[in-house]
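Asker: Sequences and hints are given; from them, build the entire structure.
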Amino acid sequence: MTIFSILDIAGTAVFAISGALAAMHKRFDPFGVVILAIVTAIGGGTLRDVLIGRLPVGWMQDMTYIYVILAATFTAFVFRDKLLRLRKAFFLFDTIGLGLFTITGVELGIQAGLHPLICIILGTMSASFGGVLRDVLSNQVPVIFQKEIYALASIAGGTLFLILLETGWEQDIIYVLTSLLVIVIRLLAVKYDWSLPQMNLSDRE
Amino acid sequence: MTIFSILDIAGTAVFAISGALAAMHKRFDPFGVVILAIVTAIGGGTLRDVLIGRLPVGWMQDMTYIYVILAATFTAFVFRDKLLRLRKAFFLFDTIGLGLFTITGVELGIQAGLHPLICIILGTMSASFGGVLRDVLSNQVPVIFQKEIYALASIAGGTLFLILLETGWEQDIIYVLTSLLVIVIRLLAVKYDWSLPQMNLSDRE
Amino acid sequence: MTIFSILDIAGTAVFAISGALAAMHKRFDPFGVVILAIVTAIGGGTLRDVLIGRLPVGWMQDMTYIYVILAATFTAFVFRDKLLRLRKAFFLFDTIGLGLFTITGVELGIQAGLHPLICIILGTMSASFGGVLRDVLSNQVPVIFQKEIYALASIAGGTLFLILLETGWEQDIIYVLTSLLVIVIRLLAVKYDWSLPQMNLSDRE
Numbered sequence: 138m139t140i141f142s143i144l145d146i147a148g149t150a151v152f153a154i155s156g157a158l159a160a161m162h163k164r165f166d167p168f169g170v171v172i173l174a175i176v177t178a179i180g181g182g183t184l185r186d187v188l189i190g191r192l193p194v195g196w197m198q199d200m201t202y203i204y205v206i207l208a209a210t211f212t213a214f215v216f217r218d219k220l221l222r223l224r225k226a227f228f229l230f231d232t233i234g235l236g237l238f239t240i241t242g243v244e245l246g247i248q249a250g251l252h253p254l255i256c257i258i259l260g261t262m263s264a265s266f267g268g269v270l271r272d273v274l275s276n277q278v279p280v281i282f283q284k285e286i287y288a289l290a291s292i293a294g295g296t297l298f299l300i301l302l303e304t305g306w307e308q309d310i311i312y313v314l315t316s317l318l319v320i321v322i323r324l325l326a327v328k329y330d331w332s333l334p335q336m337n338l339s340d341r342e
Numbered sequence: 138m139t140i141f142s143i144l145d146i147a148g149t150a151v152f153a154i155s156g157a158l159a160a161m162h163k164r165f166d167p168f169g170v171v172i173l174a175i176v177t178a179i180g181g182g183t184l185r186d187v188l189i190g191r192l193p194v195g196w197m198q199d200m201t202y203i204y205v206i207l208a209a210t211f212t213a214f215v216f217r218d219k220l221l222r223l224r225k226a227f228f229l230f231d232t233i234g235l236g237l238f239t240i241t242g243v244e245l246g247i248q249a250g251l252h253p254l255i256c257i258i259l260g261t262m263s264a265s266f267g268g269v270l271r272d273v274l275s276n277q278v279p280v281i282f283q284k285e286i287y288a289l290a291s292i293a294g295g296t297l298f299l300i301l302l303e304t305g306w307e308q309d310i311i312y313v314l315t316s317l318l319v320i321v322i323r324l325l326a327v328k329y330d331w332s333l334p335q336m337n338l339s340d341r342e
Numbered sequence: 138m139t140i141f142s143i144l145d146i147a148g149t150a151v152f153a154i155s156g157a158l159a160a161m162h163k164r165f166d167p168f169g170v171v172i173l174a175i176v177t178a179i180g181g182g183t184l185r186d187v188l189i190g191r192l193p194v195g196w197m198q199d200m201t202y203i204y205v206i207l208a209a210t211f212t213a214f215v216f217r218d219k220l221l222r223l224r225k226a227f228f229l230f231d232t233i234g235l236g237l238f239t240i241t242g243v244e245l246g247i248q249a250g251l252h253p254l255i256c257i258i259l260g261t262m263s264a265s266f267g268g269v270l271r272d273v274l275s276n277q278v279p280v281i282f283q284k285e286i287y288a289l290a291s292i293a294g295g296t297l298f299l300i301l302l303e304t305g306w307e308q309d310i311i312y313v314l315t316s317l318l319v320i321v322i323r324l325l326a327v328k329y330d331w332s333l334p335q336m337n338l339s340d341r342e
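Chains as they are written, first to last, in the working numbering: chain D, 138 to 342; chain E, 138 to 342; chain W, 138 to 342.
Careful: at least some of the hints might be erroneous.
One copy or two, it doesn't matter: identical chains are merged, so the pair holds either way.
[Stated by the list, open to error] DSS-like, lysine-lysine: derived pairs with alpha carbons at most 30 Å apart:
(1) Lys328 <-> Lys219
(2) Lys328 <-> Lys163
(3) Lys219 <-> Lys163
(4) Lys328 <-> Lys225
Hints are computed from structural coordinates only; laboratory data are not their basis.
Answerer: Written as C-alpha cells, this is what we have:
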C-alpha cells in the first residue's frame, strides 16, 4: 500500500466522520447518517476522478474505501455522545480531510499531465467538494463560502507541494509536510480568527 | 428491445411524471415543468453512467429516452387536475422509479465488473439521485433524507437481485421480482408508517 | 485560434463576471468571489464535457480558460462600484454567456455525432448549468426556473444553429448569428416582460 492510498483512504475516513457528525447533529435517521457519511467521503474524490476521466471512479474499484467509510461511520455513531459534545471534533475531522484530499488531488493532476495551476485547482476542488455536498445536503451554508480561510489553506498546501517536488525530496515526506501545512494553516486561522476582509461594497455608498 | 431497456425507459417515464408533478405543484412555467421532468428522469442514469464511464451517457445515444420523457410530461400535463388532486400519485410514480432504477443500476454495475456491494450502492445512488435533484430544485427536503425507508427499500431490492442471480433463474423474472420488492417495501413502509428511529442525541443530555 | 474557442472563452469570461458580481453582491470574501467566478464560468462546460466523455474536461487542458477567468474576476473587482450599481450589468453578462455557451454546446454535440435534439438539449444544459450553480451557491432561486424565457431563448438559438448548418453558410457567421439570437430574445423578453403563463392549477378548483 502506497502512502498515496493511505492518505486518500485516511481523508475518506475523516470526511465520513464529519458527514456522520453533521447528519447526527441534524437528527437524520440511521440510513441518512450512512448516506451523508458516504456522500461526504466520496464526493471530492468522485468529482476529481470524473473531471480527469479516471473512470470507473476510484472508490468503485477498491473496496477499501467503502469498508473504511462504514467503519468510520460506525465509530462516529458509537462515540457520538462524546463527539457531538466536543464542538471542535467536527471541525477537526473536516480540516484533516481538507489537508489530505488537497494533496491526493494535486498528485493525481500531476499524474494526468495537467498544468501545475490546474493541479492546485483540482486539489482544492476535490478537497472541498465533499464538504460542500455535506453542507448543502444538511442545509448549512458551505464552510468554503464562509469567512474562514478554507480554500486558501488548500491552495497554499498545493502550491508548497509543487514547489517541494522540484527539490527532489522523498515524495512521502512531501505528502506529509504539505498535508500538515493545510491543516495547520486552517487550525491557526480559526484559533486566531484570521479572516479575509468581506466585500463591503454597498456600505461605502 | 431487451427487458433491461424496457425497465430503464419505464423508470425514466415515471420519474419524468414525478418531476412534472412537483414542478406543476410549485407552479413553474411550462418550460420549468419540462426541465424539471427531464432532470428528474435522466438525473439518476446520468450519474450512474458518468461514475462507471459509460460516455456519452445513455440517454444521449438512444432517442427513446427523450421522446418518452416528453410524452410522459405531456401526459402529466393533460391529466394534471386529476393527478395533482390524487395526493398519492406523486408518491407512487416516485416509488416505481425507485424500484426500476435500482435494478438497472445494479445490472450495469455487474456488467462493468464491479464488486457486488458497489453494485448495490450504484443502484441506490442512481435510483435516488433524480429524486434528490427534483427535490432540491423544487426547494423540498430530499425524500431520501426524510423518515421513510427510502434507501433501505432500494438496498433490499439490489441485494435480492444479486442473491437471485446466483440461483440461475431467468434474468427477466429476477428483474421484475426485485423491482417489485423495492416498490412493495416502500409502499408498505408508508402505509404502516414504518420508520427508522431518529438520532435523538441531544435529548439525552 | 478558431472562432469556436473564441466563443467558448468569451462565454467563460462573461459567466466569470456574472459569478463575481453575484458573490460581491452577497459579500463573499475575496476567495469566495474567485471560487464563485470559477464555478460559474466552468460549470456549464464541465457538465457538457463530462456528459459526452471529453475528459479531462476542456478547461483543464487549455490554460487560457483559467487565465481569462482570473482576469475577468479581477476586472469585475476593479469596476465593482460601477457594475454593482448598474442593475442590468449582472443580467447582461449572464445573457451573453447563455448565448455563447448554447452554441458551443450544440457544436460539441454535433462533433460527438449526437442526434440534433440531443445537441440542443446539451447546448441548453451547458449554457444554463453554470448559472444554476452560481444561483444555488449564492442562495438564489436559479434564473432558469423563474418566469423569464431563459431556456426558450437557448433552445431557439440551438435550433436555428442546426437549421442554418443545412444552408451551407460559413460556420463562423452561423456561430455569431445564432449566439446573437439567444441574446436578443432574452433581452427583448425581459424588456417587454414576455413570459410564459404559470401553471395556475390549484386556483381553478
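Asker: Confirm or reject each hint.
Answerer: Consistency of the hints with the structure:
1. Lys328 <-> Lys219: Answer is within; shortest intra-copy Cα gap is 22 Å, inter-copy 37 Å.
2. Lys328 <-> Lys163: both (25 Å within a copy, 26 Å between copies)
3. Lys219 <-> Lys163: Result: close within a single copy only, 16 Å intra versus 36 Å inter.
4. Lys328 <-> Lys225: Result: close within a single copy only, 11 Å intra versus 41 Å inter.
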